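Construct the complete structure from the given sequences, taking the supplied hints into account.
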Amino acid sequence: MSRIGVFTCWCGENIARTVDVDEVAKRVAELPGVRCSLNYKYMCSDPGQAIVREKIATEKLDGVVVASCSPHMHLKTFRKAAQAAGLNPYLVEMANIREQCSWVHHDRVQATAKAFEIIRLSVEKARNDAALQPIRVPVTRRALVIGGGVAGIQAALDIADAGHEVVMVEREPSIGGKMAGLSETFPTLDCSQCILTPRMVEVGQHPRIKLYSYSEVEKVEGFVGNFRITIRQKARYVDVSKCTGCGECWIICPLKRNPSEFDYGMGMRPAIYIPFPQAVPARPVIDKSQCAKLIRNGCGLCEKKCKAEAINFKDEDRLVEEAVGAVVVATGYKLYSIAKSQPKATLAGYGEYGYGKYKDVIDSLQFERLVSASGPTGGVLKRPSDGAIPKSVVFISCVGSRDNAKGLPYCSKICCMYTAKHTMLYKHKVHDGQAHVFYMDIRAGGKGYDEFVRRAIEQDGAQYYRGRVSKITQEGGKLVVRGADTLAGMPVTIEADLVVLAAAMRPADGIEELAQKLNIGCDEFGFLLESHPKLRPVETNTAGIFIAGACHSPKDIPEAVAQASAAASKVQVMLAADELTREPEIAAINEQTCAACFTCIRTCPYHAIDRAELRTPRGAFIKNTARVNPGLCMGCGTCVSVCPSKSADLQGFTDQQVYAMVESLA
Amino acid sequence: MSKAQEFEPKIVAYVCNWCTYLGADLAGTARLEYPPNVRIIRLPCTGRIDFNLIIKALEVGADGVLVSGCHPGDCHYTAGNYHARRRWILFRELLDTLGIDLRRIQFTWISAAEGRKWQQVVTEFTDQTRKLGPYKELYATGPFPDVPAPETASPGVKSFAAESELREVCGKLLAEGTVKVVIGYGARGPVVVTRAEDAERLVWNNRCFSNLTAYLKRKEIKSLGKAAVIVKPCDEKSLVELEKEAQFERKDAHVIGMACEGVDQPKCAHCTARTPRFADVTLGVEAGPEPQTSPSPNRFAALMAMPPAERMAFWTEEFNRCVKCYACRQVCPMCYCERCIVDKNRPIAIDPAPSTKGNFAWHIARAFHLAGRCVGCGECSRACPAGIDLALLNISLHIAAQKNFGYEAGIDPKAEPVIGSYTLHDTEAFIR
Ligand SMILES: Cc1cc2nc3c(=O)[nH]c(=O)nc-3n(C[C@H](O)[C@H](O)[C@H](O)COP(=O)(O)OP(=O)(O)OC[C@H]3O[C@@H](n4cnc5c(N)ncnc54)[C@H](O)[C@@H]3O)c2cc1C
Ligand code: SF4
Ligand code: SF4
Ligand code: SF4
Ligand code: SF4
Ligand code: FES
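If you're matching them up, the sequences are chains A and B in order. Going by the numbering used here, the first sequence opens with residue 1, and the numbers climb by one from there. Going by the numbering used here, the second sequence opens with residue 667, and the numbers climb by one from there.
There may be inaccurate statements among the hints.
As the list claims (entries may be wrong) - Below, in silico cross-link-like pairs of lysine-lysine (BS3-like), each with a Cα-Cα straight-line distance of 30 Å or less:
| id | chain 1 | residue 1 | chain 2 | residue 2 |
| --- | --- | --- | --- | --- |
| 1 | A | Lys-623 | B | Lys-676 |
| 2 | B | Lys-676 | A | Lys-26 |
| 3 | A | Lys-623 | B | Lys-888 |
| 4 | B | Lys-1080 | A | Lys-406 |
| 5 | B | Lys-783 | A | Lys-623 |
| 6 | B | Lys-1080 | A | Lys-76 |
To be verified - Label pairs and their in silico Cβ distance ranges:
| id | chain 1 | residue 1 | chain 2 | residue 2 | range |
| --- | --- | --- | --- | --- | --- |
| 7 | A | Leu-487 | B | Glu-790 | 48 to 56 Å |
| 8 | A | Gln-83 | B | Glu-1004 | 33 to 41 Å |
| 9 | B | Thr-844 | A | Glu-261 | 50 to 58 Å |
| 10 | A | Ala-131 | B | Gly-891 | 52 to 60 Å |
| 11 | B | Asp-1078 | A | Gly-476 | 55 to 63 Å |
| 12 | A | Ala-131 | B | Thr-938 | 23 to 31 Å |
| 13 | B | Glu-790 | A | Glu-13 | 26 to 34 Å |
| 14 | B | Gln-996 | A | Cys-36 | 32 to 40 Å |
Derived from the structure by calculation, the hints contain no laboratory data. None of the values given here were measured: they were computed from a predicted structure. All C-beta atoms, glycine included, are put in the ideal place defined by N, C-alpha and C.
Structure below.
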């Protein structure tokens, strides 16, 4: 660029008081490449911008430097002004002579000299600027939601209500997630299913939501705006399009004694089943590991009974492909598996609590089913071993959580609240019963939360002990719980009828594999990583992929829902137009000179670089190379620094530009 | 001295756009005064602050260089500063080995809220640099004590037992067409054999010190078809790294590993790898002297015992001899870029003409590009017609990678290379 206009601003007195703007403008006019140099009282004002526009036209400027305040303040302003005058906005630079000069120095001579050098540096950059065009990426205006818990449901409905198509993939036979199995929810104690099931039905009936239940994401290809998702629909042995959900099949099925997943083994279900009455879709599935027809070609009663001829024992997994522009991951959580044996080497279990050994030591989700009106006991709290009504229940919080030795140093956040809830639900059902709680700290931050815990203690008489339980043994018909009350400084022994363990929250099974398919990150515990903990909490480092709910960290329902709506609104912004426009200040690789070492691929925080092949126009292979995906690059320039052959460069901050700036200081 | 004459240092600051630049803006908004010496160059992220830029700043006469970005965990691009921190940890060790005055390069994390910290850092750094005076010692000559000469040995030729077996195996590979070419050792250095009958020209003796894997990158050899390459256990390390860098695939070459009795090189004295681990076929038996338990890079220790100015003088004298023939690059198995950084002319990162500045820039870039990659074969030092001991610089980074990140090139095929990876816990004590 050789016809650069430099516009020095007085910023009223702000700059002019310490910097001799006339002197600066005069000296700048002499610099190589500078076509005109002038100063004005307020460059950012309308008349100031008019001067810039006018000079661009009359002097045929091919570059502009505005010497004024911080680019964070007005770079956009002047880029727009230049664009209005027909100059590519990326040919505009700013020299920050206010925040970084006139405001921090008093000596007029020194400040003037420095201002001149700052401008010279910016002129050097401008001389090496290149006209850049915003990057346009076509967008498929549909979204995929993975996981149909309350977070996934919220996200899907928000996006669909905004007018976009949504594909939802849920791996269980029904959507609803954990919330569908909760009894009543803190802090209001409203019935969980009463608030959730209408939302589930909405999903099932929404004209813009395509639900794949009993399905999983098999493969993910493409990038922001242009994902191709392969979905595996697991063999259900029931043709959903024919089935009317009448229920004849599961009533007739003779194999009724299979532990129900939905009841966490607290109840039983047939081999052909819907997980719970309000399931969406309300269509059964056959468990092939149990069905007598599928195992040994026996039975077949359901097929005979079904008038809709929906049973299909020959069903197989099917792969379908869907194109979407954005993805919301809402795969939720599962509970830590307490017992001694653990799924991962990094985790350790509790042998001493007798979980899995004593029938009446259960986890918190099992307890939810036992007190749920729709649960296996019809809402009457009966303990699993003998069906007796427990008169003394011990609740233990932080089972696994905040315990380095168990491999789960984090706080599961919601257990304090639901344990308080459990003591209340218990008291409301068993008026003469006593709830005991062992806790480490009570963490009840949230609207109405602390009041809720107080109510459990003060109104419903739950007995709280600050301390750990060291051992649970079975003696006679009782569970003897030995622990400590560290506040009283005394050991405590309680004879209980039922023990409920508030197990830590862990991410859903298979999260690491899913994250790998999506090219997003997990923390060491498997929770999905957000792009920035403060500023980009629902984004991931892969553009177009968002996260919501307990797959990100332990969360309660209000938080999961809020995050889901936030993710949905991000998706809506993305899907608002057929094209995505992105800043062009991104990396580019000289594919001729790239050594194909792929260090940059390993380095890029956004997985924006791929392996590619350089070919002739007729398709003959020339060499391997790295290639930047302009739809993904965020322009950090980290790849530039690691590239040994200096083939990667960052537009807007090229080596050429940066060297020119440094050399101007020689 | 009157105020007007007092030395005013030139300070170049490379800062990231999102934290430190905004921190400096905040200092302005809050009218926090500081010395006017600093010139800020705004870059998107510390990830973009390449070591060449630090060298460039010194080349243009900066007396001090400030490098600053977001605190760990706060990078606008999540990980740019983690990558940067890793590189700085290594780069500082290299600069230290060269005798560059580390007080002249200040690294800091300054957030957008830390206007006051910006003020303090700039003020203190400017004052300190003013006291240090102009950076006259940079690339200066001067006296320095003797550094023990590189141990060289030129004993007589001693053939190893596996020689005949090697010829037989190679002859067979060629005859059967398993490979089209064998890269091996001949009586006078590396040879390339393409006919079965020529396998007789291959030798296996105590003079087989070259690292033949460097030949795999050559176009003229690639064009011959699938190659068999003869490797010692130490040479094999470069294959491990090359594979990580997508330069080599096992299916492309037949690797003939030689159990090694030592080839009378200094490195052999403390070599612990006597049998190849990944070869397609391994010949011979391991023997030779027991490895010394603690490797003693004598020359390196002697160098590091000098004060920085003497180290600098030592290197200035060494590098001034460099004629930029690039023989070191040619023989290095890990230097495979078709267009090397020195050959890039727009912009010129490294002055291609032999000059002190340009020679330093070349040697810094060469050494740093090999950080965590150099397998210590010593080929570069052997190839240099000017007798520059390049391996000495490589040792510095080898030690740095091992000490800071537990990484040793060529050992674990699964370990992530040092550059382009990071952990949240990379530790240093120099970033303010
Ligand atoms: C005992 C207990 C009591 C609780 N009580 C309350 C309460 O009273 N109030 C409150 O606010 N919160 C409560 N919670 C918390 C509440 O359960 C969660 O906040 C909420 O369920 C999180 O919703 P989600 O959609 O993120 O996850 P989930 O409910 O776990 O839903 C995730 C969904 O994704 C599906 N999925 C998982 N992986 C995949 C995959 N790979 N592919 C496709 N689909 C997949 C799952 O099948 C599931 O349907 C309680 C939690 C527990 C453990
Ligand atoms: S500039 Fe940053 S985001 Fe873009 S490709 Fe390079 S490393 Fe990735
Ligand atoms: S780091 Fe440079 S040479 Fe290596 S693959 Fe990336 S662009 Fe190519
Ligand atoms: S010793 Fe020299 S030739 Fe061998 S790998 Fe290291 S730098 Fe390359
Ligand atoms: S081989 Fe020696 S002279 Fe040649 S470029 Fe390398 S160091 Fe310089
Ligand atoms: S943006 Fe500041 S260090 Fe990356």
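Here's how the hints hold up against the structure:
{"no.": "1", "hint": "Lys-623(A) - Lys-676(B)", "in the structure": "violated (45 Å)"}
{"no.": "2", "hint": "Lys-676(B) - Lys-26(A)", "in the structure": "holds (24 Å)"}
{"no.": "3", "hint": "Lys-623(A) - Lys-888(B)", "in the structure": "holds (13 Å)"}
{"no.": "4", "hint": "Lys-1080(B) - Lys-406(A)", "in the structure": "holds (28 Å)"}
{"no.": "5", "hint": "Lys-783(B) - Lys-623(A)", "in the structure": "violated (49 Å)"}
{"no.": "6", "hint": "Lys-1080(B) - Lys-76(A)", "in the structure": "violated (46 Å)"}
{"no.": "7", "hint": "Leu-487(A) - Glu-790(B): 48 to 56 Å", "in the structure": "holds (49 Å)"}
{"no.": "8", "hint": "Gln-83(A) - Glu-1004(B): 33 to 41 Å", "in the structure": "holds (40 Å)"}
{"no.": "9", "hint": "Thr-844(B) - Glu-261(A): 50 to 58 Å", "in the structure": "holds (56 Å)"}
{"no.": "10", "hint": "Ala-131(A) - Gly-891(B): 52 to 60 Å", "in the structure": "violated (47 Å)"}
{"no.": "11", "hint": "Asp-1078(B) - Gly-476(A): 55 to 63 Å", "in the structure": "holds (57 Å)"}
{"no.": "12", "hint": "Ala-131(A) - Thr-938(B): 23 to 31 Å", "in the structure": "violated (58 Å)"}
{"no.": "13", "hint": "Glu-790(B) - Glu-13(A): 26 to 34 Å", "in the structure": "holds (30 Å)"}
{"no.": "14", "hint": "Gln-996(B) - Cys-36(A): 32 to 40 Å", "in the structure": "violated (51 Å)"}
When held up to the earlier numbered hints, the structure conflicts with 1, 5, 6, 10, 12 and 14 and fits the remainder.
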